[in-house]
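Got chain A; can you put chain B with the ligands on it based on the hints?
Heads up: the protein sequence lines correspond to chains A and B, in order.
The numbering used here numbers the first residue of the first sequence as 49 and each following residue consecutively.
The numbering used here numbers the first residue of the second sequence as 15 and each following residue consecutively.
Please keep in mind that the hints were generated in silico from the structure rather than gathered at the bench.
Ideal Cβ positions, reconstructed from N, Cα and C, are used throughout, including at glycine.
Please note that the accuracy of each hint is not assured.
Label pairs and their in silico Cβ distance ranges [to be verified]:
1) 167(A) with 27(B): 52 to 60 Å
2) 173(A) with 238(B): 27 to 35 Å
3) 55(A) with 58(B): 26 to 34 Å
4) 180(B) with 184(A): 42 to 50 Å
5) 101(A) with 236(B): 48 to 56 Å
6) 170(B) with 200(A): 50 to 58 Å
7) 227(B) with 202(A): 33 to 41 Å
8) 130(A) with 180(B): 31 to 39 Å
9) 16(B) with 175(A): 32 to 40 Å
10) 208(B) with 202(A): 43 to 51 Å
11) 57(B) with 176(A): 29 to 37 Å
12) 51(A) with 150(B): 30 to 38 Å
13) 227(B) with 200(A): 33 to 41 Å
To give a feel for the contact side, a few chain A residues facing chain B, derived at Cβ under 7 Å [said to hold, decoys possible]:
14) 66
15) 67
16) 68
17) 89
18) 91
19) 103
20) 104
21) 105
22) 106
23) 109
24) 113
25) 177
26) 179
27) 180
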Amino acid sequence: MSVVKMKLNGKAVNGDVEARTLLVDFIRQNLGMTGTHVGCDTSQCGACVVHVNGKAIKSCTILAVACESADVTTVEGLAKGGDLHAMQAAFKEHHGLQCGFCTPGMIMSAIDIVKRNGKNVSEDVIRRELSGNICRCTGYHNIVKAVQAGAANM
Amino acid sequence: MENFNYHRPATVLAAAAMLKKSKDGKYMGGGHTLLPTMKQGLAAPTDIIDLTAIKNFGGIKVSKSIVTIKAGTTHMEVAASKDIKKAIPALAEMAGKIGGVHVRHKGTIGGSIANADPAADYPSACLGLGATIETNKRKIEADKFFTGMFETALKAGEIITAVHFPIPKKSAHQKFPNPASRYALTGVFLSQDGKGKVRVGVTGAAASAFRATEIEAALTKDFSAKSASSVKIAAKGLMSDMHATAAYRAHLVSVLAGRAAAAAK
Ligand SMILES: Cc1cc2nc3c(=O)[nH]c(=O)nc-3n(C[C@H](O)[C@H](O)[C@H](O)COP(=O)(O)OP(=O)(O)OC[C@H]3O[C@@H](n4cnc5c(N)ncnc54)[C@H](O)[C@@H]3O)c2cc1C
Ligand code: FES
Ligand code: FES
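Pulled out of the complex, with its shape left as it was, chain A reads as follows:
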């Protein structure tokens, strides 16, 4: 065991981890924050997406020890007080979810897409860049609509 320290949603956090502890397990088990989901064990579904140093990555495919001193944002870090982030509000407004399991990853990926492609990101780019996020419920149409609307309001 060793101690890992990082910034999570703006706050300094630390905890004892093994070398093999994945970032998602550190977040969910050490810190008890369960907004970040685990939907597969093959690095394919994207339910676990968080931002590390400003980039969307799969927290199930990175070691917690490799995130020493990193700046991590999870879905819990988006809302300001009682106000949802524009992307969260857009998912709610446009019915971009059914069971909600994929939603935290979708929202974290969506914000990353807007950061790199701008507010006017096209439907085509959104669809292509969401390929690493899998949803079993919605059929994606409303997710894409939500991302486009959320982008415009960001």
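Same frame as chain A, but now just chain B with the ligands:
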């Protein structure tokens, strides 16, 4: 996933020494092949030597005739590089088709080439452009690098430090992605240099990436879509699995080469 000792060396020299000292250590680049493999229990190294903290391990340099991509450069950095888009647009385009955004944010060129997955995209670009792979020990031509399924010319402990791609006159990449994994069911990277010499690198079709020499010959005579797509590739020796038969892959090689010839710029 079994536990291991984690190391984060600051130099290539230190990394190589750590691997030598370990019982059954492995280097880690982006971890996007290694960690999934370990999670499945298919690998259980005693030590992980994380290469990502090595200074200047990533980076892109474009000269008049060569694009150099250092081993630690991520797929996203290659896909987004203005210099590469100008020098070898097909290479940036190819990197932008690897996996999804999150995979591209972490996966590195060094890891992809060292791993030599039969369906990985970079091996086709290395062969299709006639790249040179530089390690901490030597330089290896791409033609001699990919030796089999997950097998390369790398010796134990050897670290890829950079890949050098000669800038061709024109090039193109075509990929038929496996709809589930996004890896190449078959992919073709072709180029033509200033002297008219054509190279066609193929991935996903056989145990190891290879050059489609029959298509190269046809395109050298007549650089056109029809000339490439009318070459019949033998199915013998190609892969058959639940996703596609060898005959289907053989057909894909000619079809994709035809599309690449049409798109080459
Ligand atoms: C969901 C998903 C989809 C993917 N889709 C694609 C795809 O469409 N096309 C594609 O090509 N790939 C795809 N990949 C693989 C991805 O590109 C990997 O990132 C890549 O193959 C390995 O690079 P890495 O840096 O992550 O290497 P790692 O996983 O860190 O390492 C892989 C192997 O290479 C060795 N290694 C790493 N760096 C070096 C080095 N510098 N020198 C010597 N040895 C080294 C390691 O010891 C290990 O054995 C996908 C992966 C995932 C998880
Ligand atoms: S949990 Fe499925 S990609 Fe991370
Ligand atoms: S809303 Fe159920 S998995 Fe996407």
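- Query: Okay, residue 180(B) versus residue 184(A) on CB: inside 42 to 50 Å?
  - Reply: For residue 180(B) and residue 184(A) the Cβ distance comes to about 46 Å; the hint holds.
- Message: Given residue 67(A) as an interface hint, is its Cβ closer than 7 Å to any Cβ of chain B?
- Response: Constraint on residue 67(A) satisfied, holds at 4 Å.
- Query: Are residue 55(A) and residue 58(B) spaced within 26 to 34 Å by their CB atoms?
  - Reply: holds (32 Å)
- Task: Let me know if the C-beta of residue 68(A) comes in closer than 7 Å to any C-beta of chain B, holds or violated.
- Result: It holds, given that the least Cβ distance between residue 68(A) and chain B is near 5 Å, below 7 Å.
- Task: Can you let me know if the beta-carbon spacing of residue 173(A) and residue 238(B) is within 27 to 35 Å?
- Result: Distance hint for residue 173(A), residue 238(B) holds at roughly 32 Å.
- Holds or violated: 31 to 39 Å for the Cβ distance of residue 130(A) and residue 180(B)? Violated: the Cβ-Cβ distance is about 58 Å, outside 31 to 39 Å.
- Supplied contact hint for residue 91(A), tested at 7 Å Cβ to chain B: The hint holds - residue 91(A) has a Cβ within 7 Å of chain B, the shortest such distance being about 5 Å.
- Is the gap between the beta carbons of residue 51(A) and residue 150(B) within 30 to 38 Å? holds (32 Å)
- Message: Verify the CB-CB distance for residue 227(B) and residue 202(A) against the hinted window 33 to 41 Å.
- Response: violated (51 Å)
- Query: Could one say that the CB atoms of residue 16(B) and residue 175(A) fall in the range 32 to 40 Å?
  - Reply: About 38 Å separates the Cβ atoms of residue 16(B) and residue 175(A), which means 32 to 40 Å holds.
- Query: So the hint says 33 to 41 Å: do the beta-carbon atoms of residue 227(B) and residue 200(A) match that?
  - Reply: violated (51 Å)
- Query: Measuring from the C-beta of residue 179(A) to each C-beta in chain B, is the shortest one below 7 Å?
  - Reply: holds (5 Å)
Violated hints, in rising order: 1, 7, 8, 13; the structure is consistent with all others.
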